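Undergrad: Protein chains in written order, with the working numbering: chain L, 1 to 450; chain R, 1 to 450.
If you are wondering where the hints come from, they were derived from the structure by calculation, not from laboratory data.
Model, not experiment: these values are computed from the prediction.
Among these hints, one or two may not hold up.
Identical copies carry no separate label here, and so any pair may be met within one copy or between two of them.
As the list claims (entries may be wrong) - Here are the simulated lysine to any residue pairs, SDA-like style, with alpha carbons at most 20 Å apart:
(1) Lys174 to Tyr239
(2) Lys174 to Gly282
(3) Lys218 to Gly282
(4) Lys446 to Leu266
(5) Lys431 to Glu247
(6) Lys288 to Asn353
(7) Lys174 to Lys218
(8) Lys444 to Arg33
(9) Lys297 to Ala447
Protein chains: 2
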Amino acid sequence: MDKVIIVGAGLCGTLLAIRLAQHGYEVALHEKRVDLRTETLDAGRSINLALSHRGLKALALAGLEEAVRKDCIPMHGRMLHLANGETRLSPYSGRDDEYINSISRPGLNALLLNEAEKYPNVSLQFQSQCLEVDLANAAGKFKQADGSIKDVSGDLLIGTDGAGSVVRRSMMSKTTALLFNYSQDFLRHGYKELSIKVGASGGYSIEKNALHIWPRGKFMVIALPNLDGSFTVTMFHPYEGEAGFNELNTPEKVTSFFTKYYPDLLAEMPNLEVEYFENPVGTLGTIKCYPWQAFGKSLIMGDASHAIVPFYGQGMNASFEDVLVFDKYLDMYSGNWEKVLYHFQEERVKDANAIADLAIDNFHEMQNHVADPFFARKRALEMKLEQGYENYRSKYSLVTFLPDLSYSKAKAIGRAQDEWLLEAVKQDRDKTDSLDDIYQALEKLKATFI
Amino acid sequence: MDKVIIVGAGLCGTLLAIRLAQHGYEVALHEKRVDLRTETLDAGRSINLALSHRGLKALALAGLEEAVRKDCIPMHGRMLHLANGETRLSPYSGRDDEYINSISRPGLNALLLNEAEKYPNVSLQFQSQCLEVDLANAAGKFKQADGSIKDVSGDLLIGTDGAGSVVRRSMMSKTTALLFNYSQDFLRHGYKELSIKVGASGGYSIEKNALHIWPRGKFMVIALPNLDGSFTVTMFHPYEGEAGFNELNTPEKVTSFFTKYYPDLLAEMPNLEVEYFENPVGTLGTIKCYPWQAFGKSLIMGDASHAIVPFYGQGMNASFEDVLVFDKYLDMYSGNWEKVLYHFQEERVKDANAIADLAIDNFHEMQNHVADPFFARKRALEMKLEQGYENYRSKYSLVTFLPDLSYSKAKAIGRAQDEWLLEAVKQDRDKTDSLDDIYQALEKLKATFI
Numbered sequence: 001m002d003k004v005i006i007v008g009a010g011l012c013g014t015l016l017a018i019r020l021a022q023h024g025y026e027v028a029l030h031e032k033r034v035d036l037r038t039e040t041l042d043a044g045r046s047i048n049l050a051l052s053h054r055g056l057k058a059l060a061l062a063g064l065e066e067a068v069r070k071d072c073i074p075m076h077g078r079m080l081h082l083a084n085g086e087t088r089l090s091p092y093s094g095r096d097d098e099y100i101n102s103i104s105r106p107g108l109n110a111l112l113l114n115e116a117e118k119y120p121n122v123s124l125q126f127q128s129q130c131l132e133v134d135l136a137n138a139a140g141k142f143k144q145a146d147g148s149i150k151d152v153s154g155d156l157l158i159g160t161d162g163a164g165s166v167v168r169r170s171m172m173s174k175t176t177a178l179l180f181n182y183s184q185d186f187l188r189h190g191y192k193e194l195s196i197k198v199g200a201s202g203g204y205s206i207e208k209n210a211l212h213i214w215p216r217g218k219f220m221v222i223a224l225p226n227l228d229g230s231f232t233v234t235m236f237h238p239y240e241g242e243a244g245f246n247e248l249n250t251p252e253k254v255t256s257f258f259t260k261y262y263p264d265l266l267a268e269m270p271n272l273e274v275e276y277f278e279n280p281v282g283t284l285g286t287i288k289c290y291p292w293q294a295f296g297k298s299l300i301m302g303d304a305s306h307a308i309v310p311f312y313g314q315g316m317n318a319s320f321e322d323v324l325v326f327d328k329y330l331d332m333y334s335g336n337w338e339k340v341l342y343h344f345q346e347e348r349v350k351d352a353n354a355i356a357d358l359a360i361d362n363f364h365e366m367q368n369h370v371a372d373p374f375f376a377r378k379r380a381l382e383m384k385l386e387q388g389y390e391n392y393r394s395k396y397s398l399v400t401f402l403p404d405l406s407y408s409k410a411k412a413i414g415r416a417q418d419e420w421l422l423e424a425v426k427q428d429r430d431k432t433d434s435l436d437d438i439y440q441a442l443e444k445l446k447a448t449f450i
Numbered sequence: 001m002d003k004v005i006i007v008g009a010g011l012c013g014t015l016l017a018i019r020l021a022q023h024g025y026e027v028a029l030h031e032k033r034v035d036l037r038t039e040t041l042d043a044g045r046s047i048n049l050a051l052s053h054r055g056l057k058a059l060a061l062a063g064l065e066e067a068v069r070k071d072c073i074p075m076h077g078r079m080l081h082l083a084n085g086e087t088r089l090s091p092y093s094g095r096d097d098e099y100i101n102s103i104s105r106p107g108l109n110a111l112l113l114n115e116a117e118k119y120p121n122v123s124l125q126f127q128s129q130c131l132e133v134d135l136a137n138a139a140g141k142f143k144q145a146d147g148s149i150k151d152v153s154g155d156l157l158i159g160t161d162g163a164g165s166v167v168r169r170s171m172m173s174k175t176t177a178l179l180f181n182y183s184q185d186f187l188r189h190g191y192k193e194l195s196i197k198v199g200a201s202g203g204y205s206i207e208k209n210a211l212h213i214w215p216r217g218k219f220m221v222i223a224l225p226n227l228d229g230s231f232t233v234t235m236f237h238p239y240e241g242e243a244g245f246n247e248l249n250t251p252e253k254v255t256s257f258f259t260k261y262y263p264d265l266l267a268e269m270p271n272l273e274v275e276y277f278e279n280p281v282g283t284l285g286t287i288k289c290y291p292w293q294a295f296g297k298s299l300i301m302g303d304a305s306h307a308i309v310p311f312y313g314q315g316m317n318a319s320f321e322d323v324l325v326f327d328k329y330l331d332m333y334s335g336n337w338e339k340v341l342y343h344f345q346e347e348r349v350k351d352a353n354a355i356a357d358l359a360i361d362n363f364h365e366m367q368n369h370v371a372d373p374f375f376a377r378k379r380a381l382e383m384k385l386e387q388g389y390e391n392y393r394s395k396y397s398l399v400t401f402l403p404d405l406s407y408s409k410a411k412a413i414g415r416a417q418d419e420w421l422l423e424a425v426k427q428d429r430d431k432t433d434s435l436d437d438i439y440q441a442l443e444k445l446k447a448t449f450i
C-alpha cells in the first residue's frame with residue numbers, strides 16, 4: 001500500500017493517521033514536540049475545546065466516538081453571567097441529544113495517540129521537526145532530537161501542522177507556480193487563559209453542565225468545565241484601551257478590573273494575579289488559503305489550511321470533519337491521489353471559508369448584542385420558534401447540530417434567517433404577526449437555499 | 001535634518017525621494033537592480049502604463065508634471081476591436097482635459113532618477129539589495145555589488161520595494177507583535193507582453209491616441225502606444241482551457257488562435273511567434289496588508305503595501321498618490337514620525353483597498369459585458385448621461401479624473417450608481433423614463449454619500 005507522511009500529530013493529524021491506517025495505508029506520523037503523554041504542558045496552553053456533532057461524526061467513522069464521550073462533559077446551554085450579577089441559562093436546543101461537550105485538548109490528543117499506536121502500519125515519531133518540504137515529491141527534511149536531519153519520502157505528504165504550518169509555508173514559497181492565495185487576519189483582541197479552581201467540597205463551584213459567559217460588550221470571559229471540578233477560563237479582551245491587555249499590566253489593575261466587571265468570577269479565582277502574569281496573551285487569527293494541494297502529491301488540512309477564531313466552538317470540529325470529507329474521496333478515487341486531493345480541496349475550501357466567516361460573525365455579534373434591544377427581541381422571537389417548531393433551526397443549531405448540512409449551506413441559510421428576523425423585529429412583526437406566520441415565512445426563505 | 005532610508009528606486013520610491021529631498025531631508029535611496037539608465041531591460045518587462053490625474057497631481061507637487069507630460073501619449077478613449085472586425089471608439093470623457101496617458105515605465109523611472117540626482121541630499125545606490133530590515137531601528141543590511149554587506153540606518157525607513165517587498169516580509173515575520181494582516185490573491189489569468197511594430201511609413205499602424213482593446217469575454221488583448229510608433233501589447237488570458245497559456249504552447253497553436261480570435265491584430269504582429277515564446281507569463285495578483293507602519297520607524301508604500309491588478313490603469317497612480325498623501329501628513333506632523341506614519345496609514349489603507357477592489361471589479365466587468373445585453377444598454381444610458389449632464393460622472397470617471405475624491409468614496413458612489421443603472425435598465429426605465437428623471441434620481445443617490 002502507498003505510504004503517507006503526515007506532518008503534525010495534533011488532533012487532526014492523529015485522527016487522519018488512524019483513519020488511513022484503517023484503510024491499510026502505511027502512515028509515518030511526525031511531530032516536532034515531545035510526546036505530550038510524557039510531559040506536562042506549558043502554562044496557558046491547556047485550553048479545552050467544545051466537541052459537537054461534526055467532530056463526533058468523524059470520530060464515529062474511526063470507531064472512537066464512545067471512547068471519547070467518556071472524557072466529555074456535556075454543556076446543555078450558555079450560562080450568561082450579567083453585569084448586574086444575575087445569571088441566565090440559555091439552552092442550546094430543546095432536543096435531548098443536542099448539546100456540546102467540554103473536552104481537554106491534551107486528553108483527547110493522548111487518546112488519539114494511544115489509538116494510533118495500536119496500528120502496526122502507523123509509525124509515530126516525536127521530536128521530528130519538519131524543516132522543509134518537497135511538495136512535488138511528497139518528501140521532506142525532518143530534524144531529529146539528536147540534531148540530525150532525516151530525509152523522509154512517501155507517495156503522499158499531508159501537513160496537519162497547525163496555523164504556523166511549515167507545509168503551507170512551502171506552498172507559499174511556490175506562490176507563482178501554485179498561484180497560491182493566502183490571507184491572515186488578526187483581531188485586535190487577544191486571549192488569556194485562567195482557571196477556576198476545584199470547589200471547596202471537591203465539586204464544581206459553578207454550574208457544571210454549561211458553557212459560562214461573562215459578556216461585557218467589547219470584552220468577555222468564558223469558562224468551560226473540566227473533569228476534575230475546575231474550569232478553564234478564557235479572557236477575550238482587546239489589546240488597547242481600558243480593558244486592554246496592554247493596560248491591565250499590574251496585579252492591582254487586574255484585580256481592580258475584575259472587581260468592577262467580573263466580581264462573581266473573581267470570588268472563584270484566588271490565583272488570578274499569579275495566573276494572569278504567568279500565562280501569555282494569545283493572538284486570534286483567521287487563515288485562509290487556496291489551493292490546499294500541490295502537484296497531486298502534497299496537501300494541507302486542519303488549522304494548517306483554515307485556522308479560525310474560536311467564537312463558534314468549531315475549530316476542532318472543522319478539522320475532524322476534514323478527515324470525514326477526505327475519507328469520502330479516498331473511497332471514491334482510491335489509488336488516484338491527484339483526484340482525491342483535488343476533489344477534497346474543491347469541496348472543502350468553501351466550507352472552511354464559511355465556518356471562518358461564521359466565527360468572525362459571532363465575535364461581532366457577541367460584542368454588539370449586549371447593548372442592542374432589537375437583538376434581544378430577535379433572540380426572544382427565535383427561542384419561541386425553537387420551542388414551537390421542531391423544524392426551526394437557528395444559525396447556531398444549523399452549524400452545530402446538523403453535520404449533514406455543509407458549513408457553507410448553514411452559513412447561507414443562517415445568515416438569511418438572521419437578517420430576516422432582525423428586519424421583522426424592527427418592523428414590530430414580533431408584536432403583530434402570529435408565530436405561525438413568521439415560521440411559514442422562514443420556511444419559505446429556507447426553501448430557496450435547498 | 002533626519003535621515004530617511006528608502007528601499008527600492010522604482011517609480012514610487014524615486015518620487016518619494018525627490019519630495020523628501022525638497023523638504024530638506026537626507027535621503028539614502030537603495031535599489032537592488034543596476035541603474036536602469038545604463039542597461040536594456042529584460043524581455044517582457046518594459047510594460048507601459050496609463051498615467052492619469054491622480055498621478056499627475058502628485059508629479060505636479062514635485063514640480064515634474066510638465067516634464068513628464070512631454071513623454072506622454074494622450075489616449076482619449078478606448079478603441080474596441082470587436083470579434084466581427086469592427087472597431088468602435090468609446091471616449092473617456094466629453095471634457096478636453098480628461099484623457100489618460102500612455103507612458104513608458106523605464107522612461108518615466110529614468111526621468112525621476114535624473115531628477116533625484118540633482119539633489120545633493122539624495123544618495124542613490126544601485127545594486128544595493130536589502131536583505132533584512134530592523135523595523136524598530138529604521139536599519140537594514142544591504143548586499144552590495146561586490147558581495148559585501150553594508151549596514152545602513154536612519155531615522156526612518158520606507159520600503160517602496162514592490163509587490164515582493166523585503167520590508168513587508170520583515171513585517172510579516174513580526175506577525176504576532178504587529179498583528180500583521182496580509183492577503184495575496186491571484187487571478188487564474190496571467191499576462192504576456194507582445195508588441196505591434198512601428199508602421200510601414202514610420203508612423204502608427206493603428207490609431208495612436210487610444211487605448212486599444214480586443215475584448216473576447218474570458219480573455220482579451222490590449223495595446224498602448226509608444227513614442228516610437230510601436231505599441232506595447234498585453235494578452236490577458238487564463239492559464240487553463242482553450243485560450244489558456246498552458247494550452248497555447250506551440251507556434252502553430254498560437255498563430256491559429258490569433259487567426260481565429262485576433263485576425264486584425266495578427267496582421268500587425270509579424271514577430272508574434274518569437275515574442276510569444278521569448279516573453280514570460282506574469283501573474284496578476286492583489287496584495288493587501290495592515291499595518292503599513294511598524295514602531296513609528298518603518299513604513300511600506302506603493303506596491304509593497306498594495307499591489308493591484310492592472311484593469312483600472314491605477315497602479316502607478318495609486319503609488320504616486322501615496323506620496324501626495326504622505327506629504328500632507330509630513331506638513332502636518334513634521335518632526336513626529338510616529339504621527340506622520342500612523343495618520344498616513346489610517347487614511348491611505350482604506351483607499352488602497354478600494355482601488356484594489358475596483359480593479360478586480362473591472363476585471364470581471366470586462367469579461368462579462370461582452371455578452372450581456374443589459375450591460376450594453378446600461379453603458380448606452382450612461383453615455384447619454386455623460387453627454388447631457390456636466391455633473392454626471394461614471395465610476396471610471398470618478399476614479400480616473402477626480403483626484404480630490406478619495407478612491408474609497410469613488411468606489412462607494414461608483415458602485416451604487418452602477419447598481420442603480422443596471423437595475424433601471426432591467427426595469428426598462430431607459431425606455432420609459434426621461435433622461436432628466438434618471439439624472440435627478442442619480443444625483444439624489446450621490447448626495448447620500450457626500
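Undergrad: Taking the hints in turn, state whether each one holds.
TA: Quick rundown of the hints versus the structure:
no. : hint             : in the structure
1   : Lys174 to Tyr239 : between (34 Å within a copy, 16 Å between copies)
2   : Lys174 to Gly282 : between (29 Å within a copy, 14 Å between copies)
3   : Lys218 to Gly282 : within (17 Å within a copy, 45 Å between copies)
4   : Lys446 to Leu266 : neither (44 Å within a copy, 53 Å between copies)
5   : Lys431 to Glu247 : neither (44 Å within a copy, 63 Å between copies)
6   : Lys288 to Asn353 : both (7 Å within a copy, 18 Å between copies)
7   : Lys174 to Lys218 : neither (40 Å within a copy, 26 Å between copies)
8   : Lys444 to Arg33  : neither (52 Å within a copy, 63 Å between copies)
9   : Lys297 to Ala447 : neither (40 Å within a copy, 55 Å between copies)
The structure is inconsistent with the numbered hints 4, 5, 7, 8 and 9, although it conforms to all the rest.
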